[in-house]
Amino acid sequence: MKMGTALNLVLILLLLTTALLAVTARDLLAAVVVFSVYSLIMALMWQRLQAPDLALTEAAVGAGVTTVLFVITIFKTRRREEE
Amino acid sequence: MQESTFSAVPLVAVLLPWVSLLAILAFPKRAEKLRLWLCFLGSLATFGVVLSMLPGILDGNIYTIKLASVVENLEMRLTVDTLGYYFGLVLTFLWLLATVYSISYIDHKHNRFFAFMALCESFILGCAFSANMFTYFIFYEMMTFGSYPLIIHEETTMARRAGYKYLVYAIAAGTVLFFAIVAHYFWGNGQLGFGRYGVLSLEFASRAALLTVFFTYLAGFGVKAAIMPLHGWVPDAHPAAPSPASALLSGVILKAGAFGIIRVCFNVFGVDLMRELKVYPVVAVLACITIVVASVFALTQDNLKRRLAYSSIGQVSYIILGLAMLAHDGALGGVMHLAHHALMKGCLFLCAGVILVKTGKKNISEMAGIGYQLPITMICFSVCALAMMGTPPSVGFVTKWLLGSGSLEAGLPVYIVVLLASALLNAAYFLPIVYIAFFRWEGDEVEEHGERHHPKLVFGKEADHELVVPVVILAALVIIVGIWSNVPGFPYSLVSKVVNVIFP
Amino acid sequence: MRLLHNYHYAAAMLLFCLGLHTVIVRRNIIKKLIGLNIMETSVFFFYISLGYLEGGIAPIRTGGADPARMVNPIPQALILTGIVVAVSVTALALSMVILLYRQYGTLDVDRLMREEEPEAGESGKEG
Amino acid sequence: MGAWRHFPIFMITVPLLGAVLLPFLGYVREKWVPYASLLPLGTSALLGVLLIGRIPSGGYLSYHMGGWEPPFGIEIRLDYVGLFLMLVVCGITTLALVYSRRYIEKEVSGGRRTAYYVLYLLMSGAMLGFVATGDIFNLFVFMEILALSSYALVAITGNRNAVRAAFKYILMGAPSSIMVLLAIGFLYSVTGTLNMVDLAGRIAESGFTEVLIVSYILLVVGFGVKAALFPLHMWLPDAHSIAPSPISALLSGLLVEVCAFALVRITLSVFTMRASDLVMGTADAVGVAAAAAVLYGGIMAILQKDLKMMIAYSTVSHIGYIFLGLTAFTAEGLTGAMYHMLDHGLAKACLFLCAGNFIYLKGYRRIEDLKGAWGQMPWTCFAFALASLSVIGIPPTAGFISKWYLILGNVEGGKWLYAAVLLAGSILAAVYCLRVIYYMFFQAGKEGAWEEYWHDAPPAMLLPVWVLSLATLFFGVFSFLIIPSLLKAAAYLL
Amino acid sequence: MKKVAALLFISALAVLLLYVVASMPPMGDPDNPTATHVIPRYLERAEEETHTVNVVTGVILNYRGYDTMGEVTVIFCALAAVLAVLGRERRGVIHGFVDRSEVPASVIVKTMVRFMVPFIILFSVYTILHGETSPGGGFQGGAVIGGSMIIFTTIFGLYESSRRIPLKVRAPLEGAAVMGFFLVGSLGLVGGGNFLTYAWPRVAQGLHPSLVVWLTVLVEVGIGLGGAMVLTSILFAMIREEEEIAPAS
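Protein chains in written order, with the numbering used here: chain S, 21 to 103; chain Z, 255 to 758; chain E, 22 to 148; chain F, 341 to 834; chain W, 11 to 259.
Misleading hints may appear alongside valid ones.
The calculated lysine-lysine pairs, modelled on DSS-like cross-linking and capped at a C-alpha distance of 30 Å, are [stated by the list, open to error]:
1) Z:K283 / Z:K363
2) F:K446 / Z:K283
3) F:K786 / F:K711
4) S:K96 / W:K178
5) Z:K283 / F:K371
6) Z:K616 / Z:K287
7) F:K446 / F:K711
8) F:K786 / Z:K419
9) Z:K363 / Z:K616
10) F:K711 / Z:K419
11) Z:K615 / Z:K287
12) W:K178 / F:K371
13) Z:K419 / Z:K287
14) F:K786 / Z:K363
15) F:K702 / Z:K283
16) Z:K363 / Z:K612
17) F:K446 / F:K645
18) Z:K363 / F:K371
19) Z:K612 / Z:K287
20) Z:K751 / Z:K320
21) Z:K615 / Z:K363
22) Z:K419 / F:K645
23) Z:K532 / Z:K751
24) Z:K283 / Z:K751
25) Z:K363 / Z:K287
26) F:K371 / F:K446
27) Z:K363 / F:K702
28) F:K702 / F:K645
29) F:K446 / F:K828
30) Z:K320 / F:K828
31) F:K828 / F:K702
32) S:K96 / W:K120
33) W:K120 / W:K178
34) Z:K615 / Z:K419
35) Z:K363 / Z:K320
36) W:K178 / F:K446
In case anyone wonders, no lab produced these hints; they're calculated from the structure.
Only chain S is shown next, with the shape it has when bound in the complex (with noise of 0.2 Å):
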């Protein structure tokens, strides 16, 4: 397996654990910070698909305003899941 695959599928791997905390995570804010962090790792993975440009807006959009977004919304509504 070439160096280059086995990066690959680390970054996928974190992608879908990422994704996966997202999601479970109970605390929002914690599911918001993972999921800037699943941005950050996209645009890594974009970068290396050779698309500069988007890894430049993602991890300024994605992992940027869409975070703090939702960071301000749940500053101004609740933190936690409700049972």
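The hints should help you fit chains Z, E, F and W onto chain S, whose structure is shown.
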């Protein structure tokens, strides 16, 4: 078919009733008398315009005007052929009389009543002058909804219920009819027009397909024409509606259904195809059942207008029966009965209205001695009742004679038995009314002011002229048309031209 | 075997399903929106993988880069639009969440939808 | 080549530009915003009218954005049907905008009014762009503008029910958009192009059958949610009934239609004949769903107590009509579907605006409250009655013509059962519409429910209502102006 | 029950989608339809046709400029939608939640941020202006500006940051992206081409390349400014406190 000539007259005739509508819209609150008489003028003008076409029609002209064409084959077109003209003449005449009658009869919400009267006249005239099934259906549906406010005009619970029933039946029928027309269009090679000998043929469609078309048509029109299992709305709607509206319902709107069936038989399927498909026995049986059963039901009714309604159900089936004979005289009698019955039943309902207005009595059992109170009305009533039984010299007799002759011609004398039974039943339910009206006052004690006594006879306080004149005209026509049916413009002169072509 | 070769696509599809599952099943609104975002990024991921070329370089023509070796720029252009759309929808949805929480006091979608409507009549208006 | 070649792009961009410029006016003279917002839409409508006759029937107008020929640049591809729908969009949006001013003054609080008009213009422009575009990704972009603006417009009153309905709409609408995006990705992966015409050619040669089928299913589901096809309609009744009435009119009268139209176009001009063998199974499923929609929507509409809710369910039913026309795969059926988009748009918009009149003047929403409405609001009631007749399909309204072609198309396609379903649907429509009409005209209202004298909505609200209801009549009587060209265009599409 | 059904549905969908993936053309293969159909022309001729070195930028702004016009309309629409839902601050009356809840930010952090933000903005300006030659472009730059405003707001509060970019600056610039597109698009018409034509056919031998680049930069700047302002405004609208948002009755 003979070359048709372009003429705007049919369109003018169809649009003239709107004059009344304009009059109502122009002064909805003021000048009541003027407004009502303008309505009358609108109706009169319509009749006049229709009448003006008579010489041309008798010469065999056909007037036509294209209104709109959706695509080729699918157009809105008004065409006045002899058959359509015949129906148009009958209906505008009856409408004219009913309008006059309504002026005095209707006592609330004039505007709504007259507006919808005018609309209905326009629509149903459109039906009569339609050149094809598409146009016919459009006007037919509009007429259905336009007549709803007439039925519920009294706004009593009974009227509302009747109106509801009417709508349920009419919408279901409209849907079936719509389907029939689509199927007709599909299997008839896009030919929706009325051909002289029919337009459908087994060349383009299978037997089953044509049967489907025929029976959906029959079911669709059968609701309006009150063929027996589909008649449910009729006995409710007639008593609920104001009397002029009942007269029109019975005299014209029921006939619109019957006229549709005539068109289907003559001009869509054609006599030959009907023979080939062997549908006529079914139709005949349905008609016979309706004639007899409706008459039996009529016997049991005490409400006068309800009895008349059941009578109408039976009588309209005479038309269907005449068609189903597939014989010259039968067809002649059936189609002529369209006018005959309109005259007779129109008169009877208007009489019932006069009774209601003057005495407030609805039930036959309360009408003892009424013949002396309303002599002219009740004489007219009696004349028409006798005519319904088929007594010569009246229009009823002409119908019965021709139908009888037609059944012999078709080789099925069994129809004569039905006709005779019907005549007997007619006698059984009409004669008691006449009897009660003129000959029974002693036996009926009533309680008034705490003591029992026989009701006093009241003589001669007849109703207003607007009410009586139409009644008298109709009763006179029942006799006159019965005797001189061949006068130009009278039923025979028109219908025979049609029937002679179809049954050479 | 094609599946193994196309493992990027497969991962994108799995993420898509994960996101959709979250949107359908999770009752918390914010969780639903996170799921929605995962769905979106997974589709973007799929697009970008589509444009990839084995051993390719970024589509920037500096220093005489060989056009034949460049990865496909179209999916990248499309996805730029896609990202903007995603963030727009998220912003709108979140602002509605703020308002909903203020009005209903819950983020639980079942509770939210169960909440009785005020009696009809003037309910359409406020103030 | 005259200047008219550029008209389509201006029809689309002028409302969008207007939306961007409107806030400036909002800061200076907020009062003028409602009037000023008429300007871009009026311009679009005018340009559209000027385009009539420029497009040969059976042909199309192709406009290459930026001058790049189609597979490389984005193309606006406007055929007769597209222009027809664009004109419908222009007409109804302009009328509902005229209606909006008074209604919005009452229903929407001050700070949001400018936003309302901005979103309104964006929505209108997006609908125009959505209909006209010939590029499948561009379709997605305009769909998103459309979706975003409609989400917000549903919630614009800020009322808690409204926000909830809008959120429900987002929760269904956003995943459906993503599905569409995924489907476009699938298509792109096997064809390498995004232009619809080019796609059609490449799909016809493509061997990746599985990918094509799944992408078609995803497109059907995605657009099905937006068009509220039966099992995916859950968002519609809430959103359409709670939104302010002019917006309900737009949502019900246009938005679902243009989404259905997009699906029609994708089915017929992207997955063309050969490929439609592939997708036939899906199309059959759509037919079943549409038939179910007709019946379900009709029955639910009968059960409703709230007037706007009833109209909304009626829309569910009528979307079924449109899809049944499409799945007949005959020129007549398609013509019926197209014509139904027109007359349903007009009639539904009219009904919602009438319902708006009742809410505006009296605050009445329930059907029962409308008993005796005629005494006070005759004009509204008459317009309502006329539009209802079109919804039922009574001649001579336009509803009759479209029903005619829908049923004829299904009969020609041998789909008798669907023809029967359509008939049953119109009976159901008769039941729910006539009940309201009956209450309005023939029932006495509660004591004090209505004024004794005529006091109808202001003229600016009556005018659109009447134009719409008379239009249903006009297009019924003068259907011959449009039907032949539609038939030709439909035959060309097939 | 509902959960099981959803799980089954999702599993079925996953199987279906994986099946599709398995039947797709292999990823990265140069013979794929995606790599052979429209692309070669873009890659080979983008530089001479659009005068952009970054082909992605060429595709975004030129070949598929109409899409991007839709895109900027989407974010403008998002702003209008958010403002329609949450309402907008009135001129001069702003209360940030940070002000009130006294976020404990040390002097060091404040100084850091004060120091960093100009550089971030400088970076984003670079990103915007060099979109046609290097990765990045208008929207990325705009997003970075938006991000810097977020940082600034969290540390200094809404009041401070909205003083830096007040409403009267933001509001006119929010539509800059759409207007930039419309302007350049219409200029294309003036130049004798279609909407959004950069190289004007009416000009002999085409427009001078540097002018085309200037037009491209104009659009990029529009997108950058517009994007930044829209994101900032959305952010402010969401941060604002509720008394402000309560609808006027």
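A quick look at each hint next to the structure:
1. As the CA atoms of K283 (chain Z) and K363 (chain Z) are separated by approximately 11 Å, the hinted pair is consistent with the 30 Å bound.
2. Distance check on the hinted pair: K446 (chain F) and K283 (chain Z) sit about 34 Å apart at the alpha-carbon level, beyond 30 Å; violated.
3. Taken as a hint, the K786 (chain F) and K711 (chain F) pair is honoured in the structure, with Cα atoms around 7 Å apart against an allowance of 30 Å.
4. For the suggested pair K96 (chain S) and K178 (chain W), the alpha carbons sit about 27 Å apart, so the restraint of at most 30 Å is met.
5. Restraint check for K283 (chain Z) and K371 (chain F): not satisfied, since their Cα atoms lie roughly 40 Å apart, outside the 30 Å limit.
6. Between the alpha carbons of K616 (chain Z) and K287 (chain Z) the distance comes to roughly 28 Å, so the proposed pair stays at or under 30 Å and holds.
7. Restraint check for K446 (chain F) and K711 (chain F): the C-alpha separation of about 24 Å stays at or below 30 Å, so the hint holds.
8. For the hint linking K786 (chain F) to K419 (chain Z), the alpha-carbon distance of about 25 Å falls within 30 Å, and the restraint holds.
9. Taking the CA atoms of K363 (chain Z) and K616 (chain Z), the gap is about 22 Å. The hint holds against a cut of 30 Å.
10. Our distance criterion of 30 Å between C-alpha atoms is met by K711 (chain F) and K419 (chain Z), whose separation comes to about 20 Å.
11. Taking the CA atoms of K615 (chain Z) and K287 (chain Z), the gap is about 28 Å. The hint holds against a cut of 30 Å.
12. The straight-line distance between the Cα atoms of K178 (chain W) and K371 (chain F) is roughly 20 Å, inside the 30 Å bound, and the hint therefore holds.
13. Distance check on the hinted pair: K419 (chain Z) and K287 (chain Z) sit about 34 Å apart at the alpha-carbon level, beyond 30 Å; violated.
14. Between K786 (chain F) and K363 (chain Z) the alpha-carbon distance is near 20 Å, which keeps this suggested pair within the 30 Å criterion.
15. Of the pairs offered as hints, the one joining K702 (chain F) and K283 (chain Z) holds, with about 26 Å between alpha carbons and a cut-off of 30 Å not exceeded.
16. At roughly 20 Å between alpha-carbon atoms, K363 (chain Z) and K612 (chain Z) fall within 30 Å of each other, so this suggested pair holds.
17. About 24 Å separates the Cα atoms of K446 (chain F) and K645 (chain F), which keeps this hinted pair within 30 Å; it holds.
18. For the suggested pair K363 (chain Z) and K371 (chain F), the alpha carbons sit about 44 Å apart, so the restraint of at most 30 Å is broken.
19. Between K612 (chain Z) and K287 (chain Z) the CA atoms are separated by roughly 21 Å; this keeps the pair inside 30 Å, and the hint holds.
20. Proposed proximity of K751 (chain Z) and K320 (chain Z) is supported: the alpha carbons are some 25 Å apart, at most 30 Å.
21. The hinted pair formed by K615 (chain Z) and K363 (chain Z) meets the criterion: a straight-line CA distance of about 22 Å does not exceed 30 Å.
22. Between K419 (chain Z) and K645 (chain F) the CA atoms are separated by roughly 22 Å; this keeps the pair inside 30 Å, and the hint holds.
23. In summary, the hint linking K532 (chain Z) to K751 (chain Z) is supported, as the alpha carbons are separated by about 26 Å, within the 30 Å threshold.
24. Under the criterion of a C-alpha separation no larger than 30 Å, the hint pairing K283 (chain Z) with K751 (chain Z) is inconsistent with the structure, at around 48 Å.
25. Between K363 (chain Z) and K287 (chain Z), the direct Cα distance comes to roughly 14 Å. Compliance with the 30 Å bound is thereby established for this hinted pair.
26. Pair hint K371 (chain F) plus K446 (chain F) holds up; C-alpha atoms about 14 Å apart against a cutoff of 30 Å.
27. For the hint linking K363 (chain Z) to K702 (chain F), the alpha-carbon distance of about 26 Å falls within 30 Å, and the restraint holds.
28. A distance of roughly 17 Å separates the Cα atoms of K702 (chain F) and K645 (chain F); the hinted pair therefore holds under the 30 Å criterion.
29. For the proposed pair K446 (chain F) and K828 (chain F), the alpha carbon gap of about 46 Å is over 30 Å, so the pair is violated.
30. Straight-line distance between C-alpha atoms of K320 (chain Z) and K828 (chain F) comes to about 23 Å, which keeps the hinted pair within the 30 Å bound.
31. Simply put, K828 (chain F) and K702 (chain F) have alpha-carbon atoms about 47 Å apart, too far for the 30 Å limit, and the pair is violated.
32. With a C-alpha separation of about 24 Å, the suggested pair K96 (chain S) and K120 (chain W) falls inside the 30 Å cut-off, and the hint holds.
33. A C-alpha spacing of about 26 Å is found between K120 (chain W) and K178 (chain W), which places the hinted pair at or below 30 Å, so the restraint holds.
34. With a CA separation close to 25 Å, the supplied pair K615 (chain Z) and K419 (chain Z) stays within the 30 Å bound.
35. Proposed proximity of K363 (chain Z) and K320 (chain Z) is contradicted: the alpha carbons are some 36 Å apart, above 30 Å.
36. Straight-line distance between C-alpha atoms of K178 (chain W) and K446 (chain F) comes to about 28 Å, which keeps the hinted pair within the 30 Å bound.
When the structure is compared with the earlier hints, violations turn up for hints 2, 5, 13, 18, 24, 29, 31 and 35 and for no others.
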